[in-house]
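A.B. asks: As a plain string of letters, each chain reads:
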Amino acid sequence: MWPTVSPQSRSSPSADGAAILRLEQLTRTFAVGDQFVRALDGVDLQVAAGEYISLMGPSGSGKSTLLNILGLLDRPTSGEYWLAGEQTSTMSDDRLADTRQREIGFVFQFFHLIHRMTAVENVELPMMLAGVPPAERRARAREVLQRMGLEARINHRSSQLSGGERQRVAIARAVVMQPKILLADEPTGNLDSVSGGEVIRIVEALHEEGLTLIVVTHDQALGSRAHRRLLMRDGRIVQDVSG
Amino acid sequence: MRLADRHRVAFSALARTPLRTAMLLLATAIGVAAVLMLTALGEAARGYIADEFQSLGTDLLVVLPGRTETSGAGAGMMSGATPRDITLDDARALLRSSAIAAVAPLVVGESPVSVGSLERDVTIMGTTASYAAIRRWTMASGEFLPDVDMDRESPVCVIGDTIGRELFRGEPPVGRWLRVGDRRCRVAGLLARQGVSVMVDVDTVVMIPVAMAQSLFDSAGLFRVLIQARSRDVMPAARRFVLDTFRERHHGEEDVTVITQDAVLKTFDGILGALTMALAGIAAVSLLVAGVLIMNVMLVAVSQRTQEIGLLKALGARRSQVLALFLTEALYLALLGAFAGLLLGFAGVWLLGSLYPDFTFHPPLWAVAGAVLTSMACGMLFGILPARRASRLDPVAALARR
Ligand SMILES: Nc1ncnc2c1ncn2[C@@H]1O[C@H](COP(=O)(O)OP(=O)(O)OP(=O)(O)O)[C@@H](O)[C@H]1O
Ligand SMILES: [Mg+2]
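First to last, the protein sequences are chains D and R. Sequential numbering from 23 applies to the first sequence in this note's numbering. Sequential numbering from 3 applies to the second sequence in this note's numbering.
Hint data in this document are derived by calculation from the structure and do not stem from the laboratory.
Partial list, computed: chain R residues near chain D (C-beta under 10 Å):
| hint | residue |
| --- | --- |
| 1 | Met3 |
| 2 | Ala6 |
| 3 | Arg10 |
| 4 | Leu313 |
| 5 | Leu314 |
| 6 | Leu317 |
| 7 | Arg320 |
| 8 | Gln323 |
| 9 | Asp396 |
| 10 | Leu401 |
| 11 | Ala402 |
With beta-carbon atoms standing in for the labels, derived distance ranges:
| hint | chain 1 | residue 1 | chain 2 | residue 2 | range |
| --- | --- | --- | --- | --- | --- |
| 12 | R | Leu375 | D | Gly107 | 46 to 54 Å |
| 13 | R | Gln306 | D | Asn212 | 18 to 26 Å |
| 14 | R | Arg390 | D | Gly265 | 47 to 55 Å |
| 15 | R | Ala402 | D | Asp120 | 22 to 30 Å |
| 16 | R | Ala402 | D | Glu231 | 28 to 36 Å |
| 17 | R | Met382 | D | Asn177 | 33 to 41 Å |
| 18 | R | Arg390 | D | Arg60 | 26 to 34 Å |
Just so it is clear, CB atoms sit at the ideal spot from N, CA and C, and this is done for glycine as well.
Work out the full structure: start from the sequences and follow the hints.
C.D. replies: Dropping the structure here:
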């Protein structure tokens, strides 16, 4: 199903590498009316730098909730989360934002590009927030877009791009700040298999260069490509398979 | 985030909804323009009154019967019994001071005036030759009242421009006779046309010798005595002399009021200044309304851009960055609106000026600065709520909004 990716790209995870992510008894509950929903129910997890992980499980099992906490978009209700050795629960909101900007790239199912902007402007956005000077960020954005095979689309508005192209712009935006971790929540969920394949090829190529990759997916084939496969059910990781 | 980027992003967000932005700009612009135009109106009224009094000359004292409680332009509130009349002898006595250059007694009344079968009711002013000099009136033709003793009832008169045209139907009036009440008098001169001056329409008056007016209206007392001091510097001396003279002649009672036009002007100035401020206040309310409008539209914008805000946060935007972004937008609206309002306001002021050339319309500087600052303050104040709401959005929920 993913013919463009060669089997050699499957390198073994560096299991003994320093843990870039570490979760301890993580829970997250949501108040819904007078009820509480336990979206995460005691998650323990260690991820070494450079791992390629897929996160699967039935709908509502807590995959997105976990990914959002890993990406510092959300805070756990209890438990601890160390990111690159730092305890995140004590970080201020500003620190979280800065860490997110530096360390983490997000790719979403629905791309979340800003339609009135061109591809290159979308990719510039995180650099703009970080205060990178215009000339430098334009150059960096172009370079990354070229790597995504989008040199011909640089000045297209995102509304003029196909789904696959949009997702590749979104990946460029996610990695242009050179984060250590790329979190993707069903990145191919909204794409046909051909453009989905391109997206996966790109993401895996980035992993080859050392990016830690965590992909949430419902796609069995895609999930099994990862070197480490986590299965969630009812807010818990019930299976953790490597190799 | 760099300042230039922040401005660019805010600006492009506004440019994306041109109609909405235009409406908000208009709302602010109308507020600012209203401040400019209303204060210009108030100031014009003030300037007009000031000019009017200036035309009286700064060396003028006016004596009126009765004592007013205040020294300003009070409406003749008496203290005590009916005051003694001011007589022609009183007026004549004032001429003895070296501080006083001229004295013009004044009697005012209404009387029918006719030439042949044409008749109309006219304001009659009885005075002396000095009056024209004190008021700096000029003649269109002929001469003013003759410089004779105050008691003399010479049968002459001086008429205003409108009277001349209406009663003599375009023929030169000088030398002709007209009837004032039951008396006849010869027209000695025609006043130069000058319209309303100090609230009297000079073009529609007939002036006769003061003694004739007194017997015509059967009154011994004078309505006013106009006194011209030799110079501005001797005004206090002249005033003191006037008061002393009257006290002496009226058996020790100070039963007249002496007003200088400075005092009158000050009072009017105060009243009209307050009026201008009130107008400015009313106009500022419309700025407040514009602010509320900005707030509402910004709140809508925040909810429409929820996903975008979530994205910015996912990309590492701090809360303060999102806040600054939306505040910048509000500030832009206020600033551009104020600028448009200045254009609109000055255009309106110019229009007023060309519609009423007799007045000088200039919005005062404090009103211009105040309007701009108020609109900016409103923009900030009413921008804060939406901006705060944006900055506090939960990124996960915001991104999930479809
Ligand atoms: N903001 C929220 N408020 C209330 N409940 C929530 C909220 N977010 C998630 N949940 C609940 O938490 C549980 C886990 O949700 P989550 O989105 O993590 O599941 P998921 O595994 O990503 O599912 P899917 O595969 O459908 O995306 C679900 O029962 C969901 O209803
Ligand atoms: Mg999900």
